[in-house]
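A.B. asks: Assemble the complex: chain A is given as a structure, and chain B must be docked to it using the hints.
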Amino acid sequence: MHKSTKLFFFLWGLLALLAAASLVGCTASPTTAAGPTGEASPAATAASSDKITIVIPEDPQSFNAAIADQGYDSMVMKMTMLGLASVDPQGQIYPQLAAELPSVENGGVVIDEATQVMTVTWKLRQDVTWADGTPLTADDVLFTYEAIADPATGLYINGLDYVEAVTKIDTYSFAVRFNAIYPSYQTLFGGDQVVIWPKHFCSAADGFTAWACNRQPLSSGPYILQEWIAGDHLTFTRNPKYYQPGKPAIETIIVRIVPEASVRKTMLVQGDADVLMWATEQVADELKNETAVKLSVSPTSRFVLRLFMNLAAKGATDPVESPNPVFADVRVRQAVRQAIDVDTISKEIFYGFSSPVWTEFFRQPYVCDIPRPKYDPEAAKALLEAAGWKDLNGDGIRECDTCTSAAQGEPMKVELLTYSEYGEPLDLTQQLIGEMLKKIGIDAALSSVPGSQMWADYASGGLEQRGDFSLDLYDDGYAGTDPLPFIQNYYASSAAEPDNGWNVGRWSSPEFDSLLEEAASLDETQRQETFCKMAQILDAELPQILLFSTINAEAYSARLTNVEANINDVVTWNVADWTFVK
Amino acid sequence: MGLYIARRLLQAAALVFVLSILIFGLVNLAPGGPLAGYGQARHISPEKAQILKRQLGLDQPLPTQYLVWLAGNDWMKVDLDGDGVLESTGSRRGILRGDFGFSFTTRQPVLSEIGQRLPNTLYLMSITLLVAVCIAIPAGIISAVKQYSLVDIVITTFSFAGQAIPEFWLGLVLIIIFYAWLKNPFTGDPLLPAGGIASLDAPFSVGDRIAHLILPVVTGAMGWTAWYSRFLRSSMLDVIKQDYLRTARAKGLGERMVMFKHAFRNALIPLVTLFALDLPYIFGGAVFVEMLFSWPGMGRLYYQAALQRDYPVLMAVLMIGAAFMIVSNLLADILYASLDPRIRLDR
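Each protein sequence line maps, in turn, to chains A and B.
The numbers in the working numbering rise by one with no breaks, and the one at position 30 of the first sequence is 30.
The numbers in the working numbering rise by one with no breaks, and the one at position 190 of the second sequence is 1190.
Distance condition first, Cα-Cα at most 16 Å in a straight line; then the derived EDC-like pairs of lysine to aspartate or glutamate:
| hint | chain 1 | residue 1 | chain 2 | residue 2 |
| --- | --- | --- | --- | --- |
| 1 | A | Lys-438 | A | Asp-376 |
| 2 | A | Lys-199 | A | Glu-146 |
| 3 | A | Lys-390 | A | Glu-410 |
| 4 | B | Lys-1053 | A | Asp-499 |
| 5 | A | Lys-51 | B | Asp-1201 |
| 6 | A | Lys-413 | A | Glu-435 |
Beta-carbon label-pair distances, calculated as ranges:
| hint | chain 1 | residue 1 | chain 2 | residue 2 | range |
| --- | --- | --- | --- | --- | --- |
| 7 | A | Glu-385 | B | Asp-1083 | 54 to 64 Å |
| 8 | B | Tyr-1336 | A | Lys-438 | 54 to 64 Å |
| 9 | B | Phe-1168 | A | Ser-521 | 49 to 59 Å |
| 10 | A | Gly-133 | B | Asp-1208 | 32 to 42 Å |
| 11 | A | Glu-290 | B | Ala-1164 | 29 to 39 Å |
| 12 | A | Asp-343 | B | Arg-1209 | 50 to 60 Å |
| 13 | B | Tyr-1066 | A | Ala-180 | 39 to 49 Å |
| 14 | B | Lys-1183 | A | Ala-558 | 18 to 28 Å |
| 15 | A | Ala-558 | B | Ile-1165 | 35 to 45 Å |
| 16 | B | Asp-1074 | A | Asp-161 | 26 to 36 Å |
| 17 | A | Pro-151 | B | Tyr-1336 | 55 to 65 Å |
| 18 | B | Val-1151 | A | Lys-294 | 46 to 56 Å |
If you only want the chain B side, here are some residues facing chain A, beta carbon under 7 Å, derived:
| hint | residue |
| --- | --- |
| 19 | Gly-1032 |
| 20 | Gly-1033 |
| 21 | His-1043 |
| 22 | Glu-1047 |
| 23 | Lys-1048 |
| 24 | Ala-1049 |
| 25 | Ile-1051 |
| 26 | Leu-1080 |
| 27 | Asp-1081 |
| 28 | Gly-1082 |
| 29 | Thr-1106 |
| 30 | Arg-1107 |
| 31 | Met-1291 |
| 32 | Leu-1292 |
| 33 | Pro-1296 |
FYI, nobody ran anything at the bench for these hints, they're computed from the structure.
As the structure is a computational prediction, the values presented were derived from the model and not from experiment.
Note that the Cβ used here is the ideal one computed from N, Cα and C, for glycine as well.
Bound-form chain A, shown alone (with noise of 0.2 Å):
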């Protein structure tokens, strides 16, 4: 007995300790990131006033952008570092490290035309330089190319495998030469992703992807990391070598990680957080009455809810040798979009902040006059009737009656797949298509994956790559000024094959392939009427049925001044401009 007592003491004694010690332990464990000059951190004795928060859920991966792109690091990014040139929200390219930007008009821009390849010289301010007092020069620009060319250590960026070679000119410019004519020239270093690195900081032996500046950068944009606390916080002070005299305004900024919504909501209401990232529909909602926050909404976002038709049979990738018994007939994907009535969806889940989008090409700079398709159930009936399909046995789902390619008496059955990270809304979304579909006859069975499984590569089964669907639903869109990755991306014919691209659904047009080639051209007019050439092809042959786009908004405190949403870009983009209202 006595024995047991004291076991049970020691016991709690050692719970006691480690309590005790992981108290300690904590004040002293946390590695400070110290600021690359080496300043000590003012942010304890910064005044609050003086200091905002951003709250976002989950840790920035790094502050590379170009590796991962889940947006966090995008923002962190953003803060500190520079690229070439960025979009606003207007979809306005402007310079930053760049004195202007080269076009063919300004002699920046040389094309050859006997061999259709092009030569983009570059010029860089000169007044820019590095937390540490060194210069950012062209060389800063060649280092961050070959760090990202590397074939063992760097990584792939969207037009890389146009770029022939970059070489220095002099100091303070440099040319890339092409092997293409290659649109989105002007922010191949730059953008959302993309930023210069320091040659004489960041280390080339461990690459673009493993170096240590990635965690720790040096800085040429508006702030400094000062130090960085894993799930907690990331704290930052202004950079006082920055170019712009006068800016950034605001001393301290505070990142932190709060991983529940409702929490950060609540934060930024009671005003310990400042700007919320991405507020979704629900929280914009919820925000709409408070007077001490603000809401900065995008005209409309980049993100597009769309349903994707697998035009081969469920678990096959050629649509010729085994189509889609459902999905085949373009006049059953007609009948699906009319069935849909987009307007209640957007009114009655996304709380009326999306707006309807019907084809690809529906913001600037490149807009096409495509007629918004109706909702209008009778004629989607009509349409299915015309294919094929009967209800025979009167059960309300039809059934293949001289349809095209499935069996006679087959029911017009489909899955309706989503993914689980969304959330809620998604989900009812889901539902809602479900019913509008069955009201035409059609047999949903709803079913959500996460999303990992969904776009996994073919070899980790991706449900998507192995064509193991007949009908998905996600959102989607692209940031910049330039859709034409993102075109080649979802309908090239190439993207059809497995792990070559996300032409999941096996599309494919030799008509369409040869316009996409066209795009590839300076000549805006030319790229106007390419892309609306496109834009009809989709309209009648709709190997995706766009919806409508989702919200784009930034939640901010109304302390706070010229916080804006930007569709290109994130909240951040502008943060050195960022001031307290007077």
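C.D. replies: Coordinates of chain B only, in the frame set by chain A:
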């Protein structure tokens, strides 16, 4: 006893090896792949996918991947630049030599990722369990000694509620009440912070630490307290009916003496075992509590890794967790034997 422990440790080593195969297999064979988490736009370009796979070692067949994970690849040549020629020497040492690899998402060594989170989890979970035990023991005893009294009914009600209320809901309600509604009458600030370990702009103070602990500890301890107190109550009730208690009373001992010296200590034996089996939670953390209260602990690390298919982190947490579990089991057996003289282990 020494021989017994040695034998058990040997068995444990074999078990860990089998577990390593199981964990690796389960994590890798689960549907989906790690690359899908590499893009905010829903998927990544094929060119990028190819490079990433090679850099992360995912281009190798699974048995090779397992071998590299277990024993490293610094003794063999690998193809880093994708030209099909094995030109470079690998840099991994394998978990057998203490190298758990690097995280797919952060590219940091897995052990340093765990090292950043583990102290926070130990801190929160040990205090949570301590609080739970400190409340559960008196509650369980009173509940048993005064069986069917009003006190017992109240405690029982609370225990059932504690077991039934989901942590997630309780935590949210507590945040609404103590963060959003109630204010500190002196400063006008919220009464308790919404989350985190400590205030960022304040110097270290015990008061601040405690303020940050209250809500997560209450939320986390609720279920444990209920569970332990119910367990102790029934264990006490069993003991109270034993003959030796009647004997003790017959000897003329006071009721207090009988209860504490004879009943309580015996009732405690199964509870100590139970507690030892729960020790791995101190390592693993509590996902819901950490999510709700923005606590940078192991539970969230694991949850993130699971969502993003960060295999190395996932496998490391599972392996270390499994090792903890095995050691706790051994500890439970040893404790049981030393507390209860009727049990002999080395036979």
